[in-house]
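Novice: Put the two chains together into one complex; each comes in its own frame, and the hints tell you how they fit.
Going down the list, the protein sequences come from chains G and Y.
Numbering-wise (my numbering), the first sequence opens with residue 1 and increments by one.
Numbering-wise (my numbering), the second sequence opens with residue 1 and increments by one.
Hint data in this document are derived by calculation from the structure and do not stem from the laboratory.
In the DSS-like style, the derived pairs of lysine-lysine whose C-alpha atoms are separated by at most 25 Å in a straight line are:
id	chain 1	residue 1	chain 2	residue 2
1	G	K13	G	K126
2	G	K63	Y	K49
3	G	K13	Y	K49
A short list of chain Y residues far from chain G (calculated; beta carbon distances all over 10 Å):
id	residue
4	R28
5	I45
6	I109
7	N177
Treat the numbers as computed from the prediction; the structure is a model and nothing was measured.
Positions of the beta carbon are idealized from the N, C-alpha and C atoms, including for glycine.
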Amino acid sequence: MKDNIPVGLGEIKLSQDPEDILVAYGLGSCVGVGMADPQLHIAGLLHAVLPHNPNGNISSSPKYVNNGIELLFNELISRGAHPARLIIRVAGGANMLNAPGFTQSFNIGSRNVEAAYETLQRLKLKITSQEVGGTIGRTVRFYVRDGRMTIRTLGNQEREI
Amino acid sequence: MEESQAQPSKIQSLLSSLTAEGIQNAARAMTEMIGETFTVTDPNISSVKFTEIPQILGGPENDAVGIYLRIEGNISGQIMLIVPYSKALELADLLMGEPIGTTQSLGRIERSALAELGNLTGSFFLNAIADSTGVYVRPSPPAVIVDMVGAIMDIILATCDIQSEEVLLIQAKFVRNGRETQADFWVIPDNITINTLTEKATQENEG
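Isolated chain Y (complex conformation) (with noise of 0.2 Å):
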């Protein structure tokens, strides 16, 4: 009993650690593309039960933005990260180098800036991924939808049974030029992705 109890807090610390390393490695590629130092401080990660998400985003009829790719290759699956309507515009105003306050709504410019940052994010999620299993996989371009928090998190829903599992919650601070946003993330991973994990997290346990 004891030894199936340990399992999913090995899967929960190495997805913890891959998502970390994730983030960091996107701030350092967004820093080479906007050509301004972008840094992301103070990742608080966590777990929580997917059911709970709507709660934690303000309910299931508030507005927000996700930002969501499919993995592809040896593996397959899919990441999505979802922020509050407010949070993805002071985001957008970060990466466009625009005071917070700016962006008064998502046009195709700012939208387009934020898929690169899911695109970043998701890509070195599955980099280390990869790096850590030795399975080839790539994601799909970025899709940005605005809608309801409900509706948004259908798009998961309708392709795994996720219902009970818990997700990563990625509390952090995203920095530039001395103005920062504090923005939660979501990095939902499916169940093929997990049992990719579990099962490296096992070889470890034997090894």
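Bound conformation, chain G alone (with noise of 0.2 Å):
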């Protein structure tokens, strides 16, 4: 087996090689996107941040999740994926502090997923599975040659979703 791909903060990372995995470690609020043609054995992920680009559609960065997703969609299109084969896997959006008194301040998770929601409606795209929200990080793993995505949270076993 190959060496897993570190996607890091405010990345996307793609691959064409079956025997990759993309690997987002430790997701907090932040919201992993991966999304993979089965059939041509290509998928990315993406590992963002923060919901929505202050600055608009200007400067569009992969650090913001309506960004995020948009860029790695249009990545996946020009190199032969077709939208109907996609398979689409969310995960993350967790709200880390849930601490009497900061719960409200600070449901960035909520909004990172909310985004994703709104921008994947936007671009009449489907999930087909997804893990997020609650108060615990995950590491996500996604899987090139079929689109499987496992999730590792502390002291759990890796499962799929």
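Specialist: Okay, here's the thing in structure tokens:
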């Protein structure tokens, strides 16, 4: 098996090698969005930090959920992927601070998930599977070969979503 | 050009001295609270890039404990102390007066002890800023988060654009009754706190 390809904060990584696994480690309020066309064995994983780009689309950046999803989608389409064949999986968006007094002002995880839903809806894309929200961090693995996604949380076994 | 390059080191040195003062004051307060001498020795303060923290803590997927405080008052901001999980267990032993290796998991009492350590360190850091700059600040109650390093750091990232910024790394030994544990702390003051300190540093330069 080849090495995992880490997808850092505010990054998109793409691969056309079926052996590759794209990994976003320790997603808290960040959101991971994986898109794959299993027929072409092409996939990409986004690791977005914040919901919306405050500068609109003037300076598009994968750091933002809305920009990142569009960038990922456009890149896959430009490489021949077909929208109808896309497997789309969403994970992360936890609200890491659930202590009294913090909850209201720190719902960035929920806002990231909402931004992902809005953007995917606007692009007329359907989510194949998801695991979002909660209060714990997740490591997300996205398999280029078949668009499978697994999630690991602290102290728990890796599982597929 | 030389002036603009000199400025960050000035702020760095101001932050370092405030932090050193903060942890020594916190140690004194811990001593009073637990009724036994609690000291912090050999503090070494340096700065590292925020994005390098996960690697220093063993990787973004490693388990860690974050103690988080918000700053409220005339300025607002946030402070996060992060230690690897194994070090948090040792610190809990030290705070609870148990032999190192006793605490195997962080229950309510152990979390509360760590919160108090964060509270005192954060408070004294803030008091040092307040004394130095004349602004009124107070810390929120601390939140203790046990999770992956990456997930804990998202809390800071979500509220300020700090990806390329440097933060303070404090390496120190905590000692109680001859027992000691080495811990690395990161103090991550946010941009607003930094700006207040920049103004202070500028005033000192002008004065």
